[in-house]
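Enquirer: Those protein sequence lines, which keep their order, are chains A and B.
Read left to right, the first sequence gives residues 1 to 406 (the working numbering).
Read left to right, the second sequence gives residues 1001 to 1406 (the working numbering).
Hints in this document: simulated from the structure, not taken from any laboratory.
It is possible that some hints are incorrect.
[Unchecked claim] Here are the simulated DSS-like pairs of lysine-lysine, each with C-alpha atoms no more than 27 Å apart in a straight line:
{"hint": "1", "chain 1": "B", "residue 1": "K1359", "chain 2": "A", "residue 2": "K60"}
{"hint": "2", "chain 1": "B", "residue 1": "K1020", "chain 2": "B", "residue 2": "K1031"}
{"hint": "3", "chain 1": "A", "residue 1": "K31", "chain 2": "B", "residue 2": "K1060"}
{"hint": "4", "chain 1": "B", "residue 1": "K1020", "chain 2": "A", "residue 2": "K60"}
{"hint": "5", "chain 1": "A", "residue 1": "K20", "chain 2": "A", "residue 2": "K31"}
{"hint": "6", "chain 1": "A", "residue 1": "K20", "chain 2": "B", "residue 2": "K1060"}
{"hint": "7", "chain 1": "A", "residue 1": "K252", "chain 2": "A", "residue 2": "K359"}
{"hint": "8", "chain 1": "B", "residue 1": "K1252", "chain 2": "B", "residue 2": "K1359"}
[Stated by the list, open to error] What follows is a set of in silico ranges between Cβ atoms, one per label pair, in the way DEER data are often shown:
{"hint": "9", "chain 1": "B", "residue 1": "G1143", "chain 2": "A", "residue 2": "R243", "range": "51 to 57 Å"}
{"hint": "10", "chain 1": "B", "residue 1": "D1049", "chain 2": "A", "residue 2": "K31", "range": "30 to 36 Å"}
{"hint": "11", "chain 1": "B", "residue 1": "Y1222", "chain 2": "A", "residue 2": "G89", "range": "24 to 30 Å"}
{"hint": "12", "chain 1": "A", "residue 1": "E328", "chain 2": "B", "residue 2": "R1003", "range": "49 to 55 Å"}
{"hint": "13", "chain 1": "A", "residue 1": "A127", "chain 2": "B", "residue 2": "K1060", "range": "42 to 48 Å"}
{"hint": "14", "chain 1": "B", "residue 1": "D1052", "chain 2": "A", "residue 2": "P183", "range": "33 to 39 Å"}
{"hint": "15", "chain 1": "A", "residue 1": "K31", "chain 2": "B", "residue 2": "N1339", "range": "55 to 61 Å"}
{"hint": "16", "chain 1": "B", "residue 1": "A1406", "chain 2": "A", "residue 2": "D17", "range": "54 to 60 Å"}
{"hint": "17", "chain 1": "A", "residue 1": "S15", "chain 2": "B", "residue 2": "K1060", "range": "17 to 23 Å"}
{"hint": "18", "chain 1": "B", "residue 1": "A1287", "chain 2": "A", "residue 2": "K31", "range": "30 to 36 Å"}
{"hint": "19", "chain 1": "A", "residue 1": "M326", "chain 2": "B", "residue 2": "T1126", "range": "44 to 50 Å"}
Please read these numbers as outputs of a predicted model, since none were measured by experiment.
No residue lacks a Cβ here, since even glycine has one placed at the ideal position from N, Cα and C.
Protein chains: 2
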Amino acid sequence: MTRTVQKYGGSSVASADHLKRVAGLVAARAKAGEQMVVVVSAMGDTTDDLVDLAAQITSKPRAREMDMLLSTGEIVSSSLLSMALHEQGVDAVSLTGPQAGIRTDTAHARARIASIRAERLEGELTAGRVVIVAGFQGISDDGDLTTLGRGGSDTTAVALAAALDADRCEIYTDVAGIYTADPRVAPDARPLGDIAYDEMLELATTGARVMHARAVELGAIYGVEIFVKSSFNPDAPGTIIRRETIMEQGNKVRAIAHENRVGKVTVRGVPDRPGIAVGIFEPLAEAGISVDTIVQNASQERTTDLTFTVEPGDIEGAVEVIERLMPEIRAREVVTADNLGTVSIVGTGMATSPGYASKMFRALTDAGVNIEMISTGDIRITCVVEAARVADAVRALHAAFELDQA
Amino acid sequence: MTRTVQKYGGSSVASADHLKRVAGLVAARAKAGEQMVVVVSAMGDTTDDLVDLAAQITSKPRAREMDMLLSTGEIVSSSLLSMALHEQGVDAVSLTGPQAGIRTDTAHARARIASIRAERLEGELTAGRVVIVAGFQGISDDGDLTTLGRGGSDTTAVALAAALDADRCEIYTDVAGIYTADPRVAPDARPLGDIAYDEMLELATTGARVMHARAVELGAIYGVEIFVKSSFNPDAPGTIIRRETIMEQGNKVRAIAHENRVGKVTVRGVPDRPGIAVGIFEPLAEAGISVDTIVQNASQERTTDLTFTVEPGDIEGAVEVIERLMPEIRAREVVTADNLGTVSIVGTGMATSPGYASKMFRALTDAGVNIEMISTGDIRITCVVEAARVADAVRALHAAFELDQA
């Protein structure tokens, strides 16, 4: 018997009518004999509305209480989807994350799944029920509700697929898979038939919003093949995320990712001595500021310029930290910019084939896009550019690497 | 150290500002050194909104899924109240019904509390935290969320007060206690200083909406004194519900209760033989129809008329049941009315003092209110009257028994 885990995102369950449609998709599969586990996100803007409600009460809510509050959104959509299945003559039961046996650590608001005790889930499946699981949540050893952070329902689905040894794991979203670039930016972008875990991870961490990076990571660890599909067009093939894609692909750039809002902090005239980087980045990490690209410029007269990117909302906090460090690091000045973006090319083959970087820089230069910073990974090259030029850069790269052609 | 359980109803926590005000009341008590446990209902119309959402999906939701859905309302208000207390510098933690150890039977939508495992609650109190408990909910032995039915948060509060051996149990609502009659109907109604459990029970079951009958019952069993107060006027004395009120009160009618919407079903010409009542009321109970007042008229020519009251929404179902029984009970006909109401007088002393019934009938007759049915209990007399005359009847009785005078 085929066992399938599906996940439907917030836009797929935004209203009662949406839920009925999703119930129809699930019912068809259940009636065809599949064992179905369905993970749901909160309906539409529910999570944002709850966050707004908390903001009316306090500007610094404790993460434990926010988790308690936010977990209700997924419980609402789960119970309603269960009812919609009953209405279509399918036996179903909704479970909260704790009821589904999803145990996490105690890191509220960004908890990690520790284990899944699947006894109840297995029991419900054996009893012939479709099991609806509230995504994004679990229970800590303290008996408290935890949430897995933004996009956590993807992680719930992949973790359940691994724990239940499911035959299929399907992530339904509002787009028809993973595209070669964001189709809103590059109109000739096309969905990829498949993509490797590490490629998807790079895309997810450099701006592609379709899949949550942690879910992809988990898929890679447990070898769960993830089908990304559109709930509004479920018959389209979508994209399979898996270990190996077609060998030795001719075109080794698979897709372009971009981010529109990136901030930059430059520490000028830092004395060039060992340990200076750790002296800056450790205090930033302690202040909870997440740093992305870091570039250290060639030193002049024994000083160096250290530049890093952060979320624009973190610029102020980063400057505060560095101003505090100034007596110690003896840098000349700190300057910032918040009008930047990034564009990245990703592809497994890039690691072993030269020439991709120069082709990327050439394409951006020909399009008149100035490159502010560069960072590279094994299978990724990222350029920081002016935010206003990000869309042009995406289109230029999409064309240069012929991603419009299969 | 004084240990207090409070409960705040939906109108007391209807918005972020309401929650902040309630947090202020709780904080003052916590800062004065009391151990505080606070039970909350869902905010304002939340429960109704969730019911409406379910109605968009199905007309016959399973009770288990409704419980899952509705339980979220109280979790939202609990976590927000906890945040509001943090904002006021008070350590607090919100708990779901299951986390608070409230174990129930499996009767979804009308679960009864079986036991309370108070270890976590005691631990949080010992740690110096205010504990906010989501009202109206618990967990069954199956591990499923259950709800206690309408007004269930009152029951949660009284049960917790009993389990925690609290010194005080305070129910905050939007009126300043238990009144001699509904002040919207009888403008000179006044709040009672105290009332006995059995009096309150009779009032609650004959139309007074302030307190949930099951909560009063639980208070009586465990000897929990219940203070009913207004959260909008917390300094007003309110009403104490307790075992004994002031002995030998001169005026033995304590209060008037009323209901505006009552249906009536009359089975005419039933052969007057033993077992006829059980033959009718057992099938009604099996059909889930709750019958209130029952009157069997004097028999004429070996037949009798059997009349009973039901909720207007249950008239149709009751008639269906009786039509089905007709071949067996051989009654002449079934007639119904849905335009009725009730008015009741309640008072412990009535049991041993004659003359209350005749005084009641006289007052109604003088006010030109026709009595359709009469039923009496130990400490209660109820008259069924035309719905349109209920308000007049309440005022007439309030005056006749001089309830405007302390």
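Enquirer: Of the hints given before, which are not true for this structure?
Expert: Of the numbered hints given earlier, those the structure breaks are 1, 9, 11, 13 and 15, listed in rising order.
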